[in-house]
Amino acid sequence: MRITLLTVGKTDIPWVREGLEMYVSRLKHYVPFTVVEIPELKNVSSLSKEQIKQKEGELILKNVRPSDDVILLDEHGKEFRSVEFAAALGEKISRTSGDICYVIGGAYGFSRQVYDRAGSLLSLSKMTYSHQLVRTVFAEQLYRAFTILKGEPYHHE
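For the sequence shown, numbering that gives the first Met the number 0 begins at 0 and goes up steadily by one.
To be clear, the hints were calculated from the coordinates, so they are not data collected in a lab. Some clues are possibly wrong.
Stated by the list, open to error - The following label-pair restraints were derived from C-beta to C-beta distances: (1) Lys125 x Gly150: 23 to 33 Å; (2) Ala87 x Lys48: 29 to 39 Å; (3) His155 x Ser124: 39 to 49 Å; (4) His155 x Lys41: 42 to 52 Å; (5) Asp11 x Pro31: 18 to 28 Å.
Stated by the list, open to error - In silico EDC-like pairs for lysine to aspartate or glutamate, Cα to Cα no more than 16 Å straight-line: (6) Lys9 x Glu20; (7) Lys125 x Asp73; (8) Lys149 x Glu83; (9) Lys125 x Glu90; (10) Lys9 x Glu39; (11) Lys61 x Glu39; (12) Lys61 x Asp115; (13) Lys149 x Asp73; (14) Lys54 x Glu39; (15) Lys27 x Glu139; (16) Lys125 x Glu78; (17) Lys91 x Asp68; (18) Lys54 x Glu36; (19) Lys27 x Asp98; (20) Lys91 x Asp67; (21) Lys41 x Glu57; (22) Lys61 x Glu36; (23) Lys9 x Glu36.
Bear in mind the structure is a predicted one, so any value in this text is a computation, not a measurement. Beta carbons are placed, not taken as given, at the ideal position from N, Cα and C, and that holds for glycine.
Please model the entire structure based on the sequences and the hints provided.
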């Protein structure tokens, strides 16, 4: 079982990339974990928001395997406390035969086809984060979840 974080666009803010890289390296002690960055679309000024979501959606779906359990990071998704997220992750790992793919969409969200492909939606907060920053926040929460599952002293409650 592998976990992938699939994102639209690159992480080009240095301190955000450094934080993401730190948690990616920590996560590799628990699970095969990769970040896949889909390049941002070019020349989109003539496209509507729906057209952008559609084109990004096609690229997202090309990077998802049929056996993947796809979870969208979405403002309308289910919110968890860190301990609850760890428990849900542990349960998902124990009952999922394929890989898990978390997806962060572009600035306008996801196309209907991507929503239709998703198994569930996850919200990190009621607040909105930049699409770059949320990668690091999510990677930290995933790392925290694994330390909780392993009973390690990272999380304090």
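Right, here's what the structure says about each hint:
1. Taking 23 to 33 Å as the suggested C-beta distance range, the pair lysine 125 and glycine 150 conforms, at roughly 30 Å.
2. At roughly 31 Å, the beta carbons of alanine 87 and lysine 48 sit within the given window of 29 to 39 Å.
3. For the pair histidine 155 and serine 124, the supplied restraint of 39 to 49 Å is violated, since their beta-carbon distance comes to about 20 Å.
4. Checking the proposed 42 to 52 Å range against histidine 155 and lysine 41 shows it holds: the Cβ atoms sit about 45 Å from each other.
5. At about 25 Å, the beta-carbon gap between aspartate 11 and proline 31 stays in the expected band of 18 to 28 Å.
6. Of the pairs offered as hints, the one joining lysine 9 and glutamate 20 holds, with about 13 Å between alpha carbons and a cut-off of 16 Å not exceeded.
7. For the suggested pair lysine 125 and aspartate 73, the alpha carbons sit about 10 Å apart, so the restraint of at most 16 Å is met.
8. Straight-line distance between C-alpha atoms of lysine 149 and glutamate 83 comes to about 14 Å, which keeps the hinted pair within the 16 Å bound.
9. Distance check on the hinted pair: lysine 125 and glutamate 90 sit about 24 Å apart at the alpha-carbon level, beyond 16 Å; violated.
10. Of the pairs offered as hints, the one joining lysine 9 and glutamate 39 holds, with about 7 Å between alpha carbons and a cut-off of 16 Å not exceeded.
11. Pair hint lysine 61 plus glutamate 39 holds up; C-alpha atoms about 15 Å apart against a cutoff of 16 Å.
12. Our distance criterion of 16 Å between C-alpha atoms is met by lysine 61 and aspartate 115, whose separation comes to about 14 Å.
13. At most 16 Å may separate the alpha-carbon atoms for a hinted pair to count; lysine 149 and aspartate 73 exceed this at roughly 27 Å.
14. Between lysine 54 and glutamate 39 the alpha-carbon distance is near 10 Å, which keeps this suggested pair within the 16 Å criterion.
15. Proximity of lysine 27 to glutamate 139 is assessed by CA-CA distance (about 13 Å); at most 16 Å being required, the pair is judged to hold.
16. Restraint check: the Cα-Cα separation between lysine 125 and glutamate 78 comes to about 8 Å, which is no more than 16 Å; the hinted pair holds.
17. Proposed proximity of lysine 91 and aspartate 68 is supported: the alpha carbons are some 9 Å apart, at most 16 Å.
18. Between lysine 54 and glutamate 36 the CA atoms are separated by roughly 15 Å; this keeps the pair inside 16 Å, and the hint holds.
19. Between lysine 27 and aspartate 98, the direct Cα distance comes to roughly 15 Å. Compliance with the 16 Å bound is thereby established for this hinted pair.
20. Taking the CA atoms of lysine 91 and aspartate 67, the gap is about 12 Å. The hint holds against a cut of 16 Å.
21. Distance restraint check for lysine 41 and glutamate 57: the Cα-Cα separation of roughly 15 Å lies within the 16 Å cut-off, and the hinted pair is therefore satisfied.
22. With a C-alpha separation of about 12 Å, the suggested pairing of lysine 61 with glutamate 36 holds against the 16 Å cut-off.
23. Restraint check for lysine 9 and glutamate 36: satisfied, since their Cα atoms lie roughly 6 Å apart, inside the 16 Å limit.
Hints 3, 9, 13, counting from the list given before, are not met by this structure.
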